[in-house]
Amino acid sequence: DTAVSQTPKYLVTQMGNDKSIKCEQNLGHDTMYWYKQDSKKFLKIMFSYNNKELIINETVPNRFSPKSPDKAHLNLHINSLELGDSAVYFCASSLGRGGTQYFGPGTRLLVL
Amino acid sequence: DAKTTQPPSMDCAEGRAANLPCNHSTISGNEYVYWYRQIHSQGPQYIIHGLKNNETNEMASLIITEDRKSSTLILPHATLRDTAVYYCIVRGSISSGSARQLTFGSGTQLTVLP
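Just so you know, the protein sequences line up as chains L and H, in that order.
Residue 5 in my numbering sits at position 5 of the first sequence, with consecutive numbering throughout.
Here my numbering runs 1000 ahead of the position in the second sequence, where the first position is 1.
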């Protein structure tokens, strides 16, 4: 009965590859987020969707493309992976745009 | 959203209360104070939030000063499992309807000692 789940937990890939990370929440929330935590441990917002509408789109390379097929899912596709994309990516969800956010366990991406 | 200042690290003896301070002197009237923590290698975990009144839940208490320029998170009986980075975040009005991401700072590394 995991609230916010992410797959995969670990992802090791080569530079230049394309990969996707998936997020699902069973909390009945309507807003979902992607955050990136770099090697210095700073957590930064990347994207947010509310009812499948993109509402936050921070300065992120356009190699990153989020997709929300429905309110319970938010995926992150990354094209042409670079070494600097290595980080932990966290998904979160909330009820409403200003609601309390609950985070998933993270996906650890390592680009070689 | 207002910026927050926290000490980089603190120690606390197991079983004692852990008091984590946060300064947010530029907070505005409709901004909330949120606390999250991140245990090593896990996702951030919501702890508590408040506007101006003190708040308590099963995890912690939040004490906000009358002028709202600072707050203290209190873990009443710290355990080893409370060792984590604690983040104090000021966030815009929940009712505003606008998108409100969480802006994380560097937080306070709390180490609970046996």
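Careful, some of the hints might be misleading.
With a straight-line Cα cutoff of 30 Å, these simulated DSSO-like cross-link-like pairs (lysine-lysine) come out [as the list claims (entries may be wrong)]:
| hint | chain 1 | residue 1 | chain 2 | residue 2 |
| --- | --- | --- | --- | --- |
| 1 | L | K52 | L | K36 |
| 2 | H | K1069 | H | K1052 |
| 3 | L | K41 | L | K52 |
| 4 | L | K19 | L | K44 |
| 5 | L | K22 | L | K9 |
| 6 | H | K1052 | L | K44 |
| 7 | L | K41 | L | K67 |
| 8 | H | K1003 | L | K40 |
| 9 | H | K1069 | L | K44 |
| 10 | H | K1003 | L | K19 |
| 11 | H | K1052 | L | K9 |
| 12 | L | K71 | L | K36 |
| 13 | L | K67 | L | K52 |
| 14 | L | K40 | H | K1069 |
| 15 | H | K1069 | L | K52 |
| 16 | H | K1052 | L | K52 |
| 17 | L | K67 | L | K44 |
| 18 | H | K1069 | L | K9 |
| 19 | L | K22 | L | K52 |
Source of the hints: derived by calculation from the structure; they are not laboratory data.
In this text, all values refer to a predicted model and were calculated from it rather than measured experimentally.
Hints, one by one, checked against the model:
no. : hint              : result
1   : L:K52 / L:K36     : holds, 20 Å
2   : H:K1069 / H:K1052 : holds, 10 Å
3   : L:K41 / L:K52     : holds, 29 Å
4   : L:K19 / L:K44     : holds, 20 Å
5   : L:K22 / L:K9      : holds, 10 Å
6   : H:K1052 / L:K44   : holds, 26 Å
7   : L:K41 / L:K67     : holds, 25 Å
8   : H:K1003 / L:K40   : holds, 19 Å
9   : H:K1069 / L:K44   : holds, 24 Å
10  : H:K1003 / L:K19   : violated, 35 Å
11  : H:K1052 / L:K9    : violated, 38 Å
12  : L:K71 / L:K36     : holds, 21 Å
13  : L:K67 / L:K52     : holds, 8 Å
14  : L:K40 / H:K1069   : holds, 28 Å
15  : H:K1069 / L:K52   : violated, 37 Å
16  : H:K1052 / L:K52   : violated, 33 Å
17  : L:K67 / L:K44     : holds, 19 Å
18  : H:K1069 / L:K9    : violated, 39 Å
19  : L:K22 / L:K52     : holds, 15 Å
Checked against the numbered hints given earlier, the structure breaks hints 10, 11, 15, 16, 18 and satisfies all the rest.
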